[in-house]
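Work out the full structure, taking the sequences as your base and the hints as a guide.
Chain by chain, the residues:
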Amino acid sequence: KAGVTQTPRYLIKTRGQQVTLSCSPISGHRSVSWYQQTPGQGLQFLFEYFSETQRNKGNFPGRFSGRQFSNSRSEMNVSTLELGDSALYLCASSLTSANTGELFFGEGSRLTVL
Amino acid sequence: AQTVTQSQPEMSVQEAETVTLSCTYDTSENNYYLFWYKQPPSRQMILVIRQEAYKQQNATENRFSVNFQKAAKSFSLKISDSQLGDTAMYFCAFMGTNAGNNRKLIWGLGTSLAVNP
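These protein sequence lines map, in sequence, to chains A and B.
Those letters in the first sequence? Residues 1 to 114, per the numbering used here, in order.
Those letters in the second sequence? Residues 1001 to 1117, per the numbering used here, in order.
Since the hints were made in silico from the structure, they are not lab data.
All of these numbers come straight from a predicted model, not from anything done at the bench.
Check before you lean on any hint, since a few could be wrong.
Which bits of chain B does chain A cover? Going by a derived footprint, with three or more residues having C-beta under 8 Å, they are [claimed, not checked]: (1) 1045-1056; (2) 1089-1098; (3) 1107-1113.
Examples of chain B residues lying across from chain A (beta carbon under 8 Å, computed) [claimed, not checked]: (4) Y1033; (5) R1063; (6) K1104.
Backbone N, C-alpha and C fix where the C-beta goes; we use that ideal spot for every residue, glycine too.
Printed below as a string of structure tokens:
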């Protein structure tokens, strides 16, 4: 069974641009969560989607948004990029809900904002 | 607010030896879950071990075991017979149960473990 797939793996953007990251969960998994990982802040929860609905949300500004499609694939979008948005963005899937804490992670999308 | 603290940013151990990674947490909840996740270099994060607070018995997964001290709010990870493949960043995480469907994992900043040959 294929694992969680995130694309692109690496990308470089400039301030003010926007970016869209994609995540394909493990087949059959219905929950997708997104995290931002930085050395100073560690892992910060962005949001969780379940059956195309945002179930939970972290404390990030409205520039960060996401969605989930009927096949459980998810995208997250960051608009008006800032230097501080440079990070590794991790996607994690779980079978039913992230409430179990048992998450399956992708390798991440490393975003650099210049 | 709930917090997770990993006081050892970096550690090293010789192959085949035993190492213990520390984690403390702060919460007012009585029922919760604790986790150790492992993130190898340039590879995906994987769940190592999970502990339910209401279970007194320490969780064990092969060479990985925990020492869960609920009163002290301590949750350390012991790796026995360390192998080169154990080299990774280890994250301790907490999840309370009071928030219902709005539960979130609260993460420590991680401990970078190097296993030396």
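Each hint, compared with the structure:
no.: 1; hint: 1045-1056; in the structure: holds (count 4)
no.: 2; hint: 1089-1098; in the structure: holds (count 3)
no.: 3; hint: 1107-1113; in the structure: holds (count 4)
no.: 4; hint: Y1033; in the structure: holds (5 Å)
no.: 5; hint: R1063; in the structure: violated (20 Å)
no.: 6; hint: K1104; in the structure: holds (5 Å)
Checked against the numbered hints above, the structure violates only hint 5.
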